[in-house]
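Construct all of the structure, not just a fragment, from the sequences and the given hints.
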Amino acid sequence: MIIKKFVGSSETEAITQAKNELGNDAIVTNVKQIKPRGIARLFRKTTYEITAALDETPPKTELSRRESIRAMFKDNPGIIFDDKEQAAKENENARQLAMASTEQLEQKISNIASMLEKRMGETKPEPAAAASDKKPEAEPENKNMSCLQLIYNQLINNEVDEKYINQLITEIEPTLKKDASVENILSGIYQKIVLKLGKTEVLGISHGKPKFIFFIGPTGVGKTTTIAKLASKLKLDRKLNVALLTADTYRIAAVDQLRTYGNILGVPVKVVYSAEELKESHDEMLDNDIILVDTAGRSHRDKQQRDDIEKLINAIPEDEREVFLVLSVTTKYRDLIKITEAYSEIANYRLIFTKLDETDTLGNIFNVKLLTGAPLSYATFGQKVPNDISRIDAQAIAKQLLGGNE
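Just so we're aligned, residue 1 is where the sequence shown starts under my numbering, counting upward by one.
Be a bit skeptical, because a hint or two may be false.
Computed beta-carbon distance windows for the label pairs [as the list claims (entries may be wrong)]:
no., residue 1, residue 2, range
1, Lys-209, Lys-303, 54 to 60 Å
2, Lys-196, Lys-384, 29 to 35 Å
3, Met-145, Pro-210, 52 to 58 Å
4, Glu-13, Asn-142, 37 to 43 Å
5, Asn-348, Gln-149, 35 to 41 Å
6, Glu-21, Lys-163, 46 to 52 Å
Just so you know, the hints here were simulated from the structure itself, not pulled from any lab data.
The beta-carbon is built from N, C-alpha and C at its ideal position, and this holds for glycine as well.
This is how it looks when you write it as structure tokens:
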């Protein structure tokens, strides 16, 4: 701890000296007014002495963005797949997890509410000097609006589309009491966000019935790495027969990348160049439980390329396939609008968001969910295989959108 005294002709000057020497983290512990005494008072002005302190204790190392994102999902470590047989064994764990999550949810809302109350206090005008100038306290409705305005600003900062923020506020405002507490207002918004994010739908496992799982999306969003993560968990954790199939013959080394993963996991890898080849390969792949299909990243603007992917998907009967649209959360929302619209013409899909470790805002997850109505599925937050993937946790996303990680 460094403790020093600074003297200036004014309190402000002394504090400025302290900040310049010790930095902005310095704390003023005492202010003393020094008036000259005796004959000196005729020639000298009053000075100000402040005592400032600086804690030299090294600050705790902040979590990296990847670690903080991983921490967001730690309350929901499982259940990566929808497996009815396995679910029966996990019911008790799920019950205990739900009880713990309820307690954590209450604490999360309380923490965020405290943050909002603090901000509301910081934005209150200073009281007038004269009692006659004192203004009456704000009406409860205005207090509600002040809180909603702070929530609005927080969601805007998280890059949630203004249209969806207005929907939230329009839906919650009529339900609020005139004297609603910040915690009640926040809880209402929080629950609305969780409800709108909806139930997560992940890859379904049907024992004895092979499934072809297609991964579609733009170039560079991480489809192949996501496939490797899921393949690892299916093979190593669930002991299923997994096969990898790639139609991505356009990207340099894409086939080699998937073959490398296949060799490590000890699973077969097959390359197809057309929908016709996929149809021909259908029967020989049926001795596997899950066939994960990597598709080429195509431009959503190119209709011919979109048609090629649609033909590839339709080469497999509808009851034997699932489709996941893989998107990067770092993509501009206006581009995501065009991408999702283009892929909606191809097939019904579930949403996977990648690169959560590369951004501080997750508003695009909320935006795209409401835009498309498609179920949310997985989130990835790093390159480690088979780690850095989780089922999307609506509560964790809602908490982050409302500033719970600040």
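These are the hints, each one checked on the structure:
Taking 54 to 60 Å as the suggested C-beta distance range, the pair Lys-209 and Lys-303 does not conform, at roughly 34 Å. Against the hinted window of 29 to 35 Å, the Cβ-Cβ separation of Lys-196 and Lys-384 comes to about 31 Å, which satisfies the hint. Separated by about 56 Å at the C-beta atoms, Met-145 and Pro-210 satisfy the suggested range of 52 to 58 Å. At roughly 39 Å, the beta-carbon separation of Glu-13 and Asn-142 lies within the given 37 to 43 Å, and the hint holds.
A beta carbon spacing of about 38 Å between Asn-348 and Gln-149 agrees with the range 35 to 41 Å that was offered as a hint. Roughly 50 Å separates the CB atoms of Glu-21 and Lys-163, a value that falls within the hinted 46 to 52 Å.
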